[in-house]
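With the hints as a guide, bring the two chains together.
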Amino acid sequence: MLGVIGILLSSCTNGSNTRSDIIRKTLPENTGYLVSGLNENLNFAGNAMMVFDSTDFSKIRESPLPKSRIETAKIAPDGNLWLGLSGGSTREDNRVVVLDTAGNELSEIHACLSPTAGIWFYNHSAIIVCRDTGFYATITEINMSSFTVERKLQIKISDQQPFMAVSSGLSGSSLGVIGLTAGPQEALTYSILSIVNLDTFSVSAMMDLGAGTNIWSVLPYEGRFVLLNAQGRDDPKKRDMIWVTPNDHEIEKAVTLPTPSPLWGVIADEVLYSFHNSSWNSISVTPDRFLCSTNLVTYQQSCLQLPEHFDSYGMEVVGGNPCITHWGEEGSSGLYCLENGKLELKIKYEAASLVVLSTRE
Amino acid sequence: MTQEVSGTLILKDKLGNTRMKQKIMNLLLVLMVGVTMFGARPAYAQEEPPIDLSLDRNGNQISDAVETEVTTLQALPADQQRAEIEHFVSKLPISADTLALQERAQELSMSLSTAKPEETQAILEELTKISSELDEDPVIKKVESDLVSLTGYGIQDSTTPSPSSAAFNLLQKGDILARQSWFGFLFPWAMKYEHLGNFNGNSQVFETYPDLFGLFAPGARLHPLSEWQTKGTYIGLGHNKRVNPSQITWAVNWAMGKYGTDGRTPYNWDFANKQTDASLYCSQLTWKIHKMAGYDLDSNAWEYQLYVSIKWGWQVMVITIPAAAPDEVMLSPYINVYSKGWN
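Protein sequences, first through last, are from chains U and V. Numbering follows our numbering, with no gaps: position 245 of the first sequence is 245. Numbering follows our numbering, with no gaps: position 145 of the second sequence is 145.
Since the hints were made in silico from the structure, they are not lab data. Do not take every clue at face value.
Once the Cα atoms are required to be at most 27 Å apart in a straight line, the calculated BS3-like pairs of lysine-lysine come out as [claimed, not checked]:
hint, chain 1, residue 1, chain 2, residue 2
1, U, Lys342, V, Lys231
2, V, Lys173, U, Lys237
3, V, Lys231, U, Lys156
4, V, Lys231, U, Lys348
5, U, Lys238, V, Lys173
6, V, Lys274, V, Lys129
7, U, Lys238, U, Lys253
To be clear about the criterion: a stretch of chain U counts as covered by chain V if any three or more of its residues have a C-beta under 8 Å from a C-beta of chain V, and this derived list gives those stretches [what the hints assert, rightly or not]:
hint, segment
8, 39-47
9, 87-99
10, 157-169
11, 177-184
12, 281-287
All residues carry an ideal CB built from backbone N, CA and C; glycine is no exception.
Bound-form chain V, shown alone (with noise of 0.2 Å):
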């Protein structure tokens, strides 16, 4: 149905919602911020000369820049990090061509959010590819592995298949399942962790997936346990320490009501978009429950952010702050991981 307002058309579904007002006003707000940033280097950085990675006076194999600006964002409060992180990464002596390919990953990822669900492959793809290609800029991997080095979390830290797999038998309802990929394919963005489920008890995970033939399918799901289980999977289990028992229990069964059972909530391209109740990712799915519970779980952890800005470039944090990516979950201080292992 449509309906003429003041010249600006407006869709509105059965329910009467505004959603492709809504999503047009999200994406001219990070497009507004994200064209201030879209190829500009901040002042300070077309002044100050290229940061030394060569530099390792503690002979540690560790770059001392990364080692002082690691030091620098634990100290910072939370609110002051973000443009010490840009600061930092604008310094950092990348070359044109991935300056190229950063800018074009840019694009793609601000195109996910209003692509049709049959472009979102393809984009998922390119982005994949990207990212493979940023992962033998000897530069990001340079400063990725001694980031990962330093904060002990992170995709290199995981290896080594270790010979037992994660505690399953600790799972609580309402806890988190992480699982690891190594090629990025649903969330470029990972540091260490692509996708989260949440446990329902019963052997049973409830989740969000997409679906990328463009038919549509709703992205609320149930999964078996075995799924996380396949061997040849690295699996981080996390429990919410603050949160009591019967409160994550409500909040879990509130979300499979609210979001599930009769396949209405499709998956959520929008990452940035995470207060949506109209489409959901699998870690805004494990957000809203334990925001129901009263936890919110967007940590904006630096380790997360530094790292994404390191290997996308700073302007990707337009879309990783306010998103809830799987790793800033985990990264949580309300999150303690207490497993995590190959099958």
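If we strip away everything but chain U, and leave its shape as in the complex, we get (with noise of 0.2 Å):
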């Protein structure tokens, strides 16, 4: 009662609250959004996300989503949420949708199309990465004040060459998209990073990182990015990670791990660790996949082997866990954490794709 009174007060005499700092200062200090965006049956209709209590896992709300395929999603520093949306089997969709921390509509962005590599934050902008047609990739600036497209950017290698953008990862002021490309061997994938300067915003440089990688995550870590190739199991150098100054525009090194092809990762306190399918966008189907912890110093690695087919589209690290959500069988859908070696249900959500955390600033 007192601390409602206490929110009360600050909102009258305060003049510069505003509806969503209340409404923020009611949320718990670590919240995660658990979205289900991937599920195509009857457009989408199933389309919704859960805010949790990170603690404790405990639903704080459910509320619909758009009806459109949800590949990114993305906390900004001031709370909002911003997903973006890009259609589905049968058309496409070029929106970011922003919602604030009670879930209502801020603004419908059409920044440009297909917005599914990547959604990030600099200097008071939002920066979308988008696949476009996917022989170019686009990149869209957005004012976070006023909702409006600033400038673009398009990212191309030539009319005979594609760049097909997956995935992206930002460290300082270098944005890195990673895209695919063509290449001689038909079987295998070829990767492609494009190094941002968002300052500038231009190309700084493109790096042909060759046959065998088929890379969709970029991982911030210490000013370089750290690349996992999901191709790492039949790339011809056995390339499991890759990673790259990009300052320098270098490969820095190239890792082999013991269990191959990590897909998502996420990295904390020096530590890797990573949702392995090494079937993911590729000719190649294994039904193996692993949870894996990899001392990124001494490149120790284990890994627990998780059940056939076991398919995850996102991860994150929750109370120093790792956490990947699972769209499986009726009943085994949602958020799954790695607890004391056990992979254990923490939320139970129909066709769980996404996962985001949030922690107030």
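Okay, here's the thing in structure tokens:
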């Protein structure tokens, strides 16, 4: 009661407090968002998100989401949730939707086609990375106050060589955009890392990573990018992790891991937590899935073998434990966390795909 | 730019092509053929009694009339199948309400080719709604079900999820990926598959997509294979068993150069016009690729024409015969569907 009065008094005496500030203060310090945004059944009728307290996984609220494929989501420094809508198997989308902490839609912005490759925040702007046509990518900068498009940048190799942006990562002012391109060996994938300088809003480097690279995670770590190669198992050079220094545009090293093919990853306290799926975006299909932790100094790795075909579309570290989403058979979908060597279902959630964490500043 | 020639206003685009004139001519041709069919039942249908779908002398749960029709069509030469389908469908005991829905669908279908981009979504949404209502008509439901049972091809034959997904490991450049949809939003006249893509190697699929927000965004796209591997989708994989690998590789590369990479080719809503290079729908792109390699995949398969005619009225063949629908491609005698299943 006193707490509530405290908030109300604060809103009366401090004219700068907005409704969002008040609502935000009622959210726990650590809030998680579990998104179901890939289930195309009935035209994404089930798209929804659950907001949860990440200290105990208790549900705060649940709300529906726009009926369009959602492959990227990010919490802005102001606490708002930004979602990229990419359409579905029968139509395209170019919208980014901004929701406040109560789930109210603040803005719908036509950013660029297929905003699937990342959302970042830099210098009071939102940076949206779009796959666009798949032959070239588009980066759109959006003013976070007015939600207006400020400028766009196209990343293209040539008319003959495609650049299909699939993921990105931000380290300082360097945005690393990873894209798939074409190459002579049909069974392999080829990745190219484009480094965009966000201060000059221009491409500063295009780094060809070669045959056998199928990279979908660009993780910033100590001024470098750690690229995770889901095709590590089939890569002729057996590269599972590739370290890149964005400022020098150099490949620092490539690492082979005992359990190959990391797909998604999160780095926390010198440890890479990774979900492994060598079938992802590949014609080489296997049922094996792993959840691993790798010391980034010693490269000692320990892995839990997951059930066959245990697919996941996102991961986070929650309370020091790696957690992955899983969209499985009825009743088995949700958020799973590795605790004491065991994988536990923490939140049951139909067709769970993305998980995003917010820590209040 | 505009220029008046002989009293007819012709619009010329920057390349000097008379796109609008071509579009108008196509529409007039289709309308001329269509007007003779709209709302008119053929003479023979007016004299013969409606089909009795309840007769099932062999007790196999399939209507004798449908069994006989399938046998008849299987034996007929291709150029006689259309007339036979018209004849059969005209005798179905369709209710007046359903006939009215079919007529409304025909109007909407004809309007798609000239609709503004911002209008296409509304048209497709209404067609999807009509599709659901038609699916509930007991006569249509019965005949469709019997047809799928007899041919082994249709949405209904993949209702049970299979434990394994499609065999992506067998994909070769130029192979066709086909996706089934339960709601027919993109292509309401689907019998089984609604959308096609073309495998480009390197885990990439070359395909065309519409933009339903009226932004004139180009339709030719490159998508990651992972989108075709998403859980909850039913995929078929087809291989042109006659074409040689280097021929089809060349044809895919040719198509990417002609229609893609610089974003100039929009989606084609005029499904009957598959000849145009100015815009493309998904199966039209596939048809173009294989045609360039020497094979015409527009099979006009009787199974497909019969299915869509049962549901939408035989007048729908005005569109479906000149068009190259995804099902017509997958039913082509040149295509071996080597794998199918749920992701």
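**Report entry** Within 8 Å of chain V's CB atoms, at least three CB atoms from the segment 87-99 of chain U: coverage verdict
**Finding:** As far as the segment 87-99 of chain U goes, the hint holds, because 7 residues have Cβ atoms under 8 Å from chain V.
**Report entry** Proximity test - 8 Å, beta-carbon atoms, the segment 177-184 of chain U to chain V, at least three hits
**Finding:** Our answer is that it holds, as 4 residues pass the Cβ test (under 8 Å) against chain V, meeting three.
Requested in this report: Mind taking a look at whether chain V covers the segment 281-287 of chain U? Criterion is 3 or more residues with CB to CB distance under 8 Å.
Outcome: holds (count 5)
Query raised in the report: Does U/Lys156 lie within 27 Å of V/Lys231 when you go C-alpha to C-alpha?
Result: Status violated; Cα separation ~31 Å.
Query raised in the report: Taking only the CA atoms, is the gap from U/Lys342 to V/Lys231 under or equal to 27 Å?
Result: holds (25 Å)
**Report entry** Hinted pair V/Lys173 and U/Lys237, Cα distance within 27 Å
**Finding:** It holds: about 24 Å lies between the C-alpha atoms, which stays within 27 Å.
Query raised in the report: Quick one, are V/Lys231 and U/Lys348 close enough, alpha carbons at most 27 Å?
Result: holds (18 Å)
Query - Verdict on chain V covering the segment 157-169 of chain U, criterion of 3 CB contacts below 8 Å - result: With 5 residues closer than 8 Å to chain V, the segment 157-169 of chain U meets the three-residue bar; holds.
Report task. Would you mind confirming whether the straight-line C-alpha gap from U/Lys238 to U/Lys253 stays at or under 27 Å? Result -> Since the Cα atoms of U/Lys238 and U/Lys253 sit roughly 12 Å apart, the hinted pair holds (cutoff 27 Å).
**Report entry** Hint consistency between V/Lys274 and V/Lys129 [alpha-carbon to alpha-carbon, up to 27 Å]
**Finding:** holds (26 Å)
**Report entry** Straight-line alpha-carbon gap U/Lys238 to V/Lys173, limit 27 Å
**Finding:** holds (25 Å)
Query raised in the report: Does the segment 39-47 of chain U contain three or more residues whose Cβ lies closer than 8 Å to a Cβ of chain V?
Result: holds (count 5)
The structure fails hint 3 only (numbered hints given earlier).
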